[in-house]
Every structure is written in C-alpha cells, then in structure tokens.
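Start from chain C and add chain A according to the hints.
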Amino acid sequence: MDKQLFDLAIGEVPPSTVDVDGVVARERRVAWVYRAANPWVATSAGVVVVAVGAAVLLAPGPSAGHVAPAASETSTQSSTPSPPPSPPTGCGGTGITAPPTSEEPSAAITRLTGVLTADVLQHSAPGTTLEANPLAEYPKGTPRGPLEFYHVRSDVVQHPEGACGGGDDYFSARATTVLAERKGNVFVIIGRLGGHASPSTECGPAPADMQETCVREAGPGGEIVLKTTLSQSSGAGPTIHRVDVTKTDGTGIILNAENVGTDAKYGGLPNSPEPPLTLDQLVGIALDPKVTLYP
Amino acid sequence: MKRSNEAGYRDYVAARMEVLRRTAYLLCRDWHLADDLVSITIGKLYRHWHRAKDLAHLDAYVRQILVRTWLDERIRPWRREEPTESLPDVPVTSRTDVEEREGLVELLASLPPRRRAAVVLRVYCDLSVEDTAKILGCSEGTVKSQTARGLDALRALVAETPTPN
Chain C
0 MDKQLFDLAI
10 GEVPPSTVDV
20 DGVVARERRV
30 AWVYRAANPW
40 VATSAGVVVV
50 AVGAAVLLAP
60 GPSAGHVAPA
70 ASETSTQSST
80 PSPPPSPPTG
90 CGGTGITAPP
100 TSEEPSAAIT
110 RLTGVLTADV
120 LQHSAPGTTL
130 EANPLAEYPK
140 GTPRGPLEFY
150 HVRSDVVQHP
160 EGACGGGDDY
170 FSARATTVLA
180 ERKGNVFVII
190 GRLGGHASPS
200 TECGPAPADM
210 QETCVREAGP
220 GGEIVLKTTL
230 SQSSGAGPTI
240 HRVDVTKTDG
250 TGIILNAENV
260 GTDAKYGGLP
270 NSPEPPLTLD
280 QLVGIALDPK
290 VTLYP
Chain A
0 MKRSNEAGYR
10 DYVAARMEVL
20 RRTAYLLCRD
30 WHLADDLVSI
40 TIGKLYRHWH
50 RAKDLAHLDA
60 YVRQILVRTW
70 LDERIRPWRR
80 EEPTESLPDV
90 PVTSRTDVEE
100 REGLVELLAS
110 LPPRRRAAVV
120 LRVYCDLSVE
130 DTAKILGCSE
140 GTVKSQTARG
150 LDALRALVAE
160 TPTPN
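Chain order of the listed sequences is C and A.
Residues 0 to 294, numbered by numbering that gives the first Met the number 0, are exactly what the first sequence covers, in order.
Residues 0 to 164, numbered by numbering that gives the first Met the number 0, are exactly what the second sequence covers, in order.
I should point out that these hints are in silico values taken from the structure, not numbers from a laboratory.
You can trust all of the hints, since none of them are fake.
Derived lysine to any residue pairs resembling SDA-like cross-links, with alpha carbons at most 20 Å apart: (1) C:Lys-226 - C:Gly-283; (2) C:Lys-2 - A:Asp-151; (3) C:Lys-182 - C:Leu-120; (4) A:Lys-133 - C:Ala-217; (5) C:Lys-2 - A:Ala-108; (6) A:Lys-52 - C:Met-209; (7) C:Lys-226 - A:Leu-135; (8) A:Lys-52 - C:Glu-211; (9) A:Lys-52 - C:Thr-200; (10) C:Lys-289 - C:Ala-107; (11) A:Lys-133 - C:Glu-201; (12) C:Lys-2 - A:Arg-28; (13) A:Lys-133 - A:Arg-67; (14) C:Lys-2 - A:Trp-30; (15) C:Lys-2 - A:Thr-146; (16) C:Lys-139 - C:Tyr-265; (17) A:Lys-52 - A:Tyr-11; (18) C:Lys-182 - C:Ala-124; (19) C:Lys-2 - A:Glu-17; (20) C:Lys-226 - A:Gln-63; (21) C:Lys-2 - A:Pro-112; (22) C:Lys-2 - A:Asp-130; (23) C:Lys-2 - A:Val-104; (24) C:Lys-182 - C:Gly-236; (25) C:Lys-182 - C:Leu-129; (26) C:Lys-289 - C:Pro-219; (27) C:Lys-289 - C:Pro-99; (28) C:Lys-2 - A:Lys-143; (29) C:Lys-2 - A:Leu-106; (30) A:Lys-52 - C:Glu-201; (31) C:Lys-2 - A:Asp-58; (32) C:Lys-2 - A:Glu-105; (33) C:Lys-2 - A:Ser-127; (34) C:Lys-2 - A:Leu-110.
Predicted model only: the values in this text are computed from it and were never measured.
In isolation and in its complexed conformation, chain A is listed as follows:
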C-alpha cells in the first residue's frame, strides 16, 4: 500500500475504532475477543483498502467484515465456549445500575447469533433492513423477522428480570 493510502487507512481506522469496538462487544460480550475481532477486521480491511477506500458505503463494508468475522470465529473449535462441570456460587445482592446495564448485554447474548447480529445492526448501528440483509447475506424478510423476534425476546427477558428493591 502506498504511504498516502496508508495514512488514509489509519485515519479511517482511528475514527471508527470506538464504534467498531463497541459493536464487537455487543456481539461477543467479551472485550478481549472484541478487540481480537476488530484487529482481524482492520487487517482484512488493510488488504482491500486500495479498492475499498472509494466505496460509497465503506462503513457498511467494514461492518460486514466485522459481523462475518464474529460469525466465522464462533465456529472455530478454539473459540468455542467449553462447558464446566459446575457453576460457581454467585452471591445474591441487590442490583445496581451497573448490573442493570450489564443485564441488557447479557440478555442480548442469550439470543441466537444471527438474531443478535440483526438486532445490533438494526438498533445499535441504525442500519436499514436492506443494508442489514446485505451484511448478513439473507433476505429483507428474514432481517425483519429476526429483528422483531430478537426485540420481542429482549423485551420479554427484561420483563422477567426482577427489578431492584
């Protein structure tokens, strides 16, 4: 890559780093993995930068790489979550604001991967149904139904979550 192109690449990455990390975290709920996903994503972007930089929808292209990277990484054996024999004891305390906020991310994580991705892209990234369908490689109808079911599930889970005293 030419140095001038590389400067443009670095500027773009720096400007989008925050939102990419946040989006990755919403997908995987693990900051270490989120940073791994962003590293892989910007590496892939670097390879295609000399052509991708002129795309009209560059952000959508990068989000597509990020989401697909996450979906791909999930099937890797060394990324899979391993079951444990017993769950650790967790003290029951009244829920704080922080726990409430983390609760939403946990609820999001309970959704199936593609449904979770649909919700994140539609609600958090504010993408249209059409753009989300392109990124996920499915029909617009599938995006609508996945998003609706995802949001319904989230609302239901929120309703089931006990409120603090």
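If we strip away everything but chain C, and leave its shape as in the complex, we get:
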C-alpha cells in the first residue's frame, strides 16, 4: 500500500471550492480582534488593520486600541440580529460555522454579565473588587460597567477603495480588578466559532522579542484549551495570561488577565506582580457550562 494507490483511490479531483481571496479578506478583518487580545503582537508587527468598516489604528497612546464604530456599523446591543445579507464579492463571509443562537442579544448580555462577574469574583483572591475599566466603551463614548457585556455586530461591507470591513458578531466585556493597592484587568470575548472572535486552536511560533509559553489541552467535555502566557523577553513590562477555549457547542471564548489596571498594550510598569487570575483559574471560568452562547 503506497501513496500512488491512495492517489488512484482518490480518482478525479473535483474543482476546488476553496476561496483563497475570501479567506485572506476574512482573516484581515479577524486581525483586529486577534490583536485586541494579543496587544503586543500588534505593536511588534506595527500594523494598520482594516476592520469594522473603517481603518482602526492600533498604536501607542491613550486613544489606541479603541474600535471606533463606522457609520455603517449597526450597534445591536438589545435588538434581535437580522439575517446578514450576502457579503460583497471578494470580501468573503463572516466565516461563522456555529449554528445561530436562539437567545436574544439583550438577554445574553444580561446573563453573561451575571455569570462572568460571579465567576471572576469566585476565582479571584478574597477581597478583590471589580471596577469599570476606562477602555470599556462601546460604542465609543458609551462607557460600560465592570464586566458589563456589549454586543458587537456589523454586516460585511466593501469600501470604494476595495478594502473589506465589518462582519463582526460577538460579545465582549472587561473590568479592572482591585486588591488593596494592586490592580489588574480582565478582558473577555465570547463569540460563535468561525467568526472574527474565534479562539485560537493551535499554539503559534513565539513572537519576536517575546517570551511565550503555550500549552494545548483537551477539556473534560472535549473542549480545546490553549493556555498562553506572554511577557517581554527583557523581563520588564506587563504579563498576560490568556486562554482560548473552543467549546463543542459552538461557543468560542478568549479570556485575558493582565497585571495592569487598564490594558497591557499601553506598556508601562505592571500594577501588580502577577495577573489577577492564573491560567488554571481562567480555564475554570471559561469551562463553566454557563459560559456559553447556547444555554
């Protein structure tokens, strides 16, 4: 039995339906969500990313990292999502492979806010309190409370110059953690698998000038769990604990804990020796059966 036999067995290969242009267009839009959860990847790459219907610049500075909703974006914090129209030619689709959810977005926001708040406090050190993170704004100019979820959704659009944007559909929240004089932050993204907010399922090569430890595990329910710690090779700067959890029901979860009060992408000195939650604590939160889009 050899390769030739298998090739013969495969027989005539039908025309490919793999849309490389669509994949590239979609991955370009995915990039901004990925970088939001991997801030140093963004700064090391020095990238400008087209996303959410407008160019979003992730650069050092107090206003960096915000996603400024474009005029075409639909903020549907409490409305029922309508079936997305066909994406423009060459932009690819949203890429979402998981089934639609039956829960109203407003109900999901209320439920997830309660579940994540309880889970984070339960897993944090005794005495930890949650405060509003100054970066928790959505849409821009609308501040959100500690771990108050918001729904990011927009249709895929193609701009006159050919750039593609939009196609988002996920829930996000963040909070600053406070314990005595020590501060940290927690950041979470929950979305349907295949979309922009899908968690990673593979450990990638370590970024340049970064120390990365990454472990891929299977969860007790067949989940794919990636546990990553990122820190600067120089030893200075913040530390990020990140878990990517792919659940079998179609929910994808990205959960970050950093030892800075606002966001590690701004650099500076840490506000506490370690992030407020360990990798195992983050995994414990993400594997909570109530942390799902399919309750």
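Okay, now just chain A, sitting in the frame of chain C:
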C-alpha cells in the same frame, strides 16, 4: 500582514492546495468538507504566517493544522453524522475500476479517526514516525502501532471485499 508576506503566503497556498485537498479528502471522504477543512487550515496559517513562513518544517506544521482541524471538527455537533431510520436500497452491480478505487477510500473511512490519520500521514504524506507523532501529539510507539493496525485492517478489509467477476 505585509503585502510582500502575503504574496509569499499566496504562493505557498497555491503550491500546496492540491495535496492539502487530497489529504483532507482521505481524512473525511467528502470533498465539500475537505474544502472546508482546507479553508479553515489556510485561514489559521494566515494568522501565523509572519512567523510560520520561516519554519524549517512548514509543510509539517500545515499538515498538523489540517489534521487537528479535522479531528476538532468531528466533535462539533453540527458536523456529526446523523443516523437515518433506514438505509437506502442500493442496486448490486459488478464493480468497476472506479468503484474499486472508491472502495479503498471507504475502507479507510472505516478506521477510527486517529488510526486513519496515522495511515494517511505515514503512507500518503510519507512522513516519518517521529513527524507523525508530533502532528498527532502522541508517542512514536503509538504511531507505529496505530499505523500497523490500520494497515492490517485495510489489508483484511481488502481481502474480504469481493472481487469483480
């Protein structure tokens, strides 16, 4: 990704598209799903391309993504095969060359997933035991035993398959 890097990515994907599709088909025996798996795989590769492009064993890295994507997709509820109440009637005819060839793929599909992956990686992709073990995340001994059992099962199934008149 920089435009220059993207050109390299596109060149790589174009050069490997055929073998990736064929490998995916051997794993899942469904061209639509195979193309889905390849799409997901090259999407994941795109995210890591700026670092992955310099890997010495880039092909092995991509095969690892493909195989794991397939193993992952199998556990998704919406990907699972649903049982039907009754099997459709199939006319019995003499086997043609095409059926013979398809028979081997069907026999391959009857193997447990990880054993099937081991056979495809070792025999079709011509990978070493060591590389296969890395991709499947298991020991070299497990790869040897899975491949041997898989090939034994295939040979046995081939022997049981009636030959054309």
